[in-house]
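Work out the full structure: start from the sequences and follow the hints.
First residue of the sequence shown? That's 1 in UniProt numbering, and the numbers climb one at a time after it.
Everything labelled a hint here was simulated from the structure, so no lab data went into it.
As the structure is a computational prediction, the values presented were derived from the model and not from experiment.
Misleading hints may appear alongside valid ones.
With a Cα cut of at most 30 Å, we get these calculated DSBU-like pairs of lysine-lysine [said to hold, decoys possible]:
(1) Lys189 - Lys360
(2) Lys89 - Lys126
(3) Lys140 - Lys122
(4) Lys360 - Lys389
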Amino acid sequence: MIVIQKFGGTSVGSKQRIKFLKNIIKKYKNLKIYTVMILSAMSGETTKMIRLAKYFSFRNLKELDCLLCVGEQISVALFSILLNSIKIKSKPLTSIQIGLITNNDYNNARIISIKNYFIIKKNLFKNKIPILAGFQGITKSGNFTTLGRGGSDTTAISIAACLKAKECQIYTDVDSIFFSDPRICKNLKIEFVPFENILELSSSGSKVLYVRSIEIAIKYNVNIRILSSFLKNKGTLISNKKKFSNSMERLMISGITHSNNESKITVKNVPNTAGVSSKILGPIISNNICVDMIIQNSIINAKNTDFTFLVENKFLKKTKYLINKYIISKLGGIVEHELNITKVSVVGIGLRTHNNIIDKILYCMSKLKVNIILISTSETKISIVIKDKDTIKTIKELYIMFNKSFMFRRNGRVA
Numbered sequence: 001m002i003v004i005q006k007f008g009g010t011s012v013g014s015k016q017r018i019k020f021l022k023n024i025i026k027k028y029k030n031l032k033i034y035t036v037m038i039l040s041a042m043s044g045e046t047t048k049m050i051r052l053a054k055y056f057s058f059r060n061l062k063e064l065d066c067l068l069c070v071g072e073q074i075s076v077a078l079f080s081i082l083l084n085s086i087k088i089k090s091k092p093l094t095s096i097q098i099g100l101i102t103n104n105d106y107n108n109a110r111i112i113s114i115k116n117y118f119i120i121k122k123n124l125f126k127n128k129i130p131i132l133a134g135f136q137g138i139t140k141s142g143n144f145t146t147l148g149r150g151g152s153d154t155t156a157i158s159i160a161a162c163l164k165a166k167e168c169q170i171y172t173d174v175d176s177i178f179f180s181d182p183r184i185c186k187n188l189k190i191e192f193v194p195f196e197n198i199l200e201l202s203s204s205g206s207k208v209l210y211v212r213s214i215e216i217a218i219k220y221n222v223n224i225r226i227l228s229s230f231l232k233n234k235g236t237l238i239s240n241k242k243k244f245s246n247s248m249e250r251l252m253i254s255g256i257t258h259s260n261n262e263s264k265i266t267v268k269n270v271p272n273t274a275g276v277s278s279k280i281l282g283p284i285i286s287n288n289i290c291v292d293m294i295i296q297n298s299i300i301n302a303k304n305t306d307f308t309f310l311v312e313n314k315f316l317k318k319t320k321y322l323i324n325k326y327i328i329s330k331l332g333g334i335v336e337h338e339l340n341i342t343k344v345s346v347v348g349i350g351l352r353t354h355n356n357i358i359d360k361i362l363y364c365m366s367k368l369k370v371n372i373i374l375i376s377t378s379e380t381k382i383s384i385v386i387k388d389k390d391t392i393k394t395i396k397e398l399y400i401m402f403n404k405s406f407m408f409r410r411n412g413r414v415a
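Okay, structure coming up:
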């Protein structure tokens, strides 16, 4: 049986924390379970290297990626030295050695294949613990690349898929996934989340896992477990396994999450003709900018319409530039934006068919006197956009409301 263990930056953030990890390795060694480790750079190292690069005015991302790959290699080498010093055989491996091939999208590369994963198995059969550098890859021409946000998670889950591991354990500074932001509410820990819901939670603002890594897990059916590097517990299992409750059709709510890095863009008075939405969104999407909560306010027989959607704050300036270049200059109209907004989402299964959920959310907003700017619903998520200043009281009230409800006692047990 093979288990993949990924340790994030906080888990390897200092000499003392790296030393502490040997206890986890000893435990699995005693259980005679094959373990493969994936390490991130020590906490703060990547930021430090980016600052250095900016000081010397780096000119392209290819050079930056070559620099950023160093952080993970330092972690891997140090931990291998530690394990060998306590008589546990290990083998440090880089992306070049395992042949983790990516495309040429530097700083945000996507994995094409892992050609030499048999090297990992070879070391396992020699009773050595393979210690892999996360976050990094190489192009077909041999240049270093980095995988972007959550890159070490992506590496770990990809390796788990190749080796058909029992599960991929993601060790972090939190001991599970919580029902809502633990900084806002005294929280409940969740022992089980299905794949469908974790994808929605992550895309809606949860920072435990990034969407790209979850997509790989779903595609290759890789079980994920969120654990703490510093506390002993079962953590949260993310899987496609079904957990049954006493009621087959009971609503399953997995969490409340929020994202406050959103900007609302409205394109006003554009022609109300077929294909106008494609003309507006086409140039934006082709520039790898994700859009969300798209609303077209079209009136029958009206000559003009308004078009509204959300983008991340970091893409606001570029999005407005593209709209002015491709839409306003050719079709007319004006573009407006709104900052200081937050998207709050209730994530679960069967939300659209349980009408009382949307009713409860609307009642909650009315009770708090919070104005809803936008709202969208699907089978797995109900999202509302509100002002930043209303975020904390909204999340607290929703948490209290669903905590009291029987619907919160769902298929997966709550710790």
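Structure-based check of each hint:
1. About 23 Å separates the Cα atoms of Lys189 and Lys360, which keeps this hinted pair within 30 Å; it holds.
2. Proposed proximity of Lys89 and Lys126 is supported: the alpha carbons are some 9 Å apart, at most 30 Å.
3. For the hint linking Lys140 to Lys122, the alpha-carbon distance of about 24 Å falls within 30 Å, and the restraint holds.
4. Our distance criterion of 30 Å between C-alpha atoms is met by Lys360 and Lys389, whose separation comes to about 21 Å.
Every hint from the earlier list agrees with this structure, and none is contradicted.
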